[in-house]
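Enquirer: Okay, here's what each chain looks like letter by letter:
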Amino acid sequence: MTGSHPRHELDNQLTHPVRLSIVAALADVQHAEFALIRDSVEITESMLSKQVALLEETGYVRVEKGRVGRHARTWLSLTADGRAAYRRHLNALRAIAGRDLTHP
Amino acid sequence: MPIARSHQPSGISARPGPGVPLANLASRCQHGNMEDRSSPLSPEQARSDLKRAAELSRRVRSRARLARVQTMALAVGFSASLLAFGLITPLAWRVFVCVVLMVLPLAVVQWRKRASAIEPYPPPPPGGWMAYPLATPVVYAVAATIGTVADMHGQPWFWVPASIVVAMPLVVLALWQWRHDR
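Protein chains in written order, with the numbering used here: chain A, 1 to 104; chain B, 105 to 286.
Be aware that a few hints might be false.
Some chain A residues well away from chain B (every beta-carbon gap over 10 Å; in silico) [as the list claims (entries may be wrong)]:
{"hint": "1", "residue": "R7"}
{"hint": "2", "residue": "L10"}
{"hint": "3", "residue": "D28"}
{"hint": "4", "residue": "Q30"}
{"hint": "5", "residue": "A32"}
{"hint": "6", "residue": "S49"}
{"hint": "7", "residue": "E57"}
{"hint": "8", "residue": "T58"}
{"hint": "9", "residue": "G59"}
{"hint": "10", "residue": "R62"}
{"hint": "11", "residue": "A80"}
{"hint": "12", "residue": "D81"}
{"hint": "13", "residue": "A84"}
{"hint": "14", "residue": "R88"}
{"hint": "15", "residue": "R94"}
{"hint": "16", "residue": "G98"}
Dumping the calculated DSBU-like pairs for lysine-lysine here, alpha-carbon to alpha-carbon at most 30 Å [unchecked claim]:
{"hint": "17", "chain 1": "A", "residue 1": "K50", "chain 2": "B", "residue 2": "K155"}
{"hint": "18", "chain 1": "A", "residue 1": "K50", "chain 2": "B", "residue 2": "K217"}
{"hint": "19", "chain 1": "A", "residue 1": "K65", "chain 2": "A", "residue 2": "K50"}
{"hint": "20", "chain 1": "B", "residue 1": "K217", "chain 2": "A", "residue 2": "K65"}
Treat the hints as calculated values from the structure; they're not laboratory data.
Don't be surprised by glycine CBs; every beta carbon is placed ideally from N, CA and C.
Could you build the full structure based on these sequences and the hints that come with them?
Expert: Structure representation (C-alpha cells):
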C-alpha cells in the first residue's frame with residue numbers, strides 16, 4: 001500500500017491531549033478568559049499556564065492581560081496560525097477516524 | 105457539564121480511550137506517561153479526540169453568546185430613553201434621561217468586558233460595523249429635536265413611533281449578528 005498515513009499530518013503540538021483541548025476550547029470564540037479555559041479543560045492553573053506558554057511560543061495562542069474594575073484578567077485567543085494548525089489537525093484526525101481498519 | 109467518565113485504562117503507555125476525564129489526561133501528561141508518538145493513532149482514538157474537541161468547543165462557545173444581546177439591550181435602552189424624554193414633562197427628568205443615555209453605552213462596554221468569552225466576529229454588515237451604532241444617536245437627536253420644536257411633549261402618537269425608529273439601526277445590527285452566529 002503506497003501513500004502516507006494521515007497521522008503524518010497531525011500537528012506535533014496538538015498531539016498533546018491538553019494542548020489539543022486548549023486549542024479546541026478556543027476554536028469557536030474570539031477570545032476567552034483564562035479561568036473559563038481552565039475550568040472547561042479541567043486542569044490546574046499551573047498546567048494551563050505551562051501549556052499556554054508552549055502554545056504561545058509556537059505562535060498558536062495569544063495571551064492578553066487587562067483589568068476589569070479592580071480585577072486583573074487574562075484572555076486567551078487563537079492566532080491565525082493556531083486556527084490553521086487546528087483545522088489541519090482535525091482533518092488528519094477525521095481521516096484516521098474514517099480509515100478502514102484493514103489499511104494500517 | 106463534565107465529559108462522560110469511564111474506567112481508567114490500566115496501561116500507562118496506552119492512549120486513553122473515549123470518556124476518560126481530562127483531569128486524568130493532564131495527570132498522565134504531567135508524570136510523563138505520554139503515548140509513544142511513533143505508535144499509530146487508532147481510528148477509535150482519533151474519534152475520541154474529535155469528540156472531546158467538539159465538546160470543549162461547544163462548552164466554551166455556549167458561554168459567549170453576548171454580542172446580539174448587548175446590541176438589543178442598547179436598542180431597548182435608546183428607545184426607552186426617547187420615550188421617557190418625550191412623555192415625561194418635568195425638565196429635570198429630561199436631563200436625567202440624557203445623563204442615563206450617556207452612561208448606557210459605557211455600561212454595556214463594561215458588561216461585555218466582564219464576559220468570560222466573546223463570540224467570533226461575524227462578517228461586517230452592509231455599510232460596516234460603525235454605521236448602525238452611529239446612526240442611532242443621530243436618529244435620536246433628530247427625533248428629540250423635532251418633538252421639542254413642535255412641542256410634542258406628552259404626545260404618545262409621536263414618541264412611540266419615534267422610539268421604534270430610534271431602535272431600528274441597532275435591531276437590524278442585532279439581527280445581522282444573530283443570522284451569522286456560528
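Enquirer: Take the hints in turn and mark each one as holding or not.
Expert: Cross-check of the supplied hints:
Consistency note on R7 (chain A): stated as away from chain B, yet its beta-carbon is not over 10 Å from all of that chain's, at 5 Å minimum. Remark: the non-interface label on L10 (chain A) conflicts with the geometry, its nearest Cβ contact in chain B lying 7 Å away (cut-off 10 Å). Non-interface call for D28 (chain A) relative to chain B: violated, since the shortest CB-CB distance, roughly 4 Å, does not exceed 10 Å. Some Cβ of chain B comes within 10 Å of the Cβ of Q30 (chain A); the nearest lies about 4 Å off, and the non-interface call is violated.
A32 (chain A), annotated as away from the interface, has a beta carbon of chain B within 10 Å; the closest lies near 4 Å. The claim that S49 (chain A) is not at the interface with chain B holds, since no C-beta of that chain comes within 10 Å of its own (minimum 12 Å). Once the 10 Å rule is applied to beta carbons, E57 (chain A) is consistent with being away from chain B; the minimum gap is 17 Å. Annotated as non-interface, T58 (chain A) keeps its C-beta farther than 10 Å from every C-beta of chain B; the closest such distance is 16 Å.
A cut-off of 10 Å between C-beta atoms confirms that G59 (chain A) is not in contact with chain B; the least separation is 20 Å. With a closest Cβ-Cβ approach of about 13 Å to chain B, R62 (chain A) is found to remain outside the 10 Å limit, as its non-interface label requires. At the 10 Å boundary, the C-beta of A80 (chain A) stays outside the reach of chain B, the nearest C-beta of that chain being 13 Å off. Remark: the non-interface label on D81 (chain A) is consistent with the geometry, its nearest Cβ contact in chain B lying 17 Å away (cut-off 10 Å).
In this structure A84 (chain A) is separated from chain B by more than 10 Å, as the shortest Cβ-Cβ distance comes to about 15 Å. Against the 10 Å criterion, R88 (chain A) stays outside the reach of chain B, whose nearest CB is about 13 Å from its own CB. The Cβ of R94 (chain A) sits about 7 Å from the closest Cβ of chain B, inside the 10 Å cut-off, so the non-interface label is violated. The beta carbon of G98 (chain A) sits about 7 Å from the closest Cβ of chain B, which is not more than 10 Å, so the claim that it is off the interface is violated.
Proposed proximity of K50 (chain A) and K155 (chain B) is supported: the alpha carbons are some 24 Å apart, at most 30 Å. With a C-alpha separation of about 25 Å, the suggested pair K50 (chain A) and K217 (chain B) falls inside the 30 Å cut-off, and the hint holds. Taken as a hint, the K65 (chain A) and K50 (chain A) pair is honoured in the structure, with Cα atoms around 16 Å apart against an allowance of 30 Å. A hinted pair counts as satisfied when its Cα atoms are at most 30 Å apart, and K217 (chain B) with K65 (chain A) qualifies at roughly 12 Å.
Hints 1, 2, 3, 4, 5, 15, 16 from the list above are not met by this structure, while the remaining hints are.
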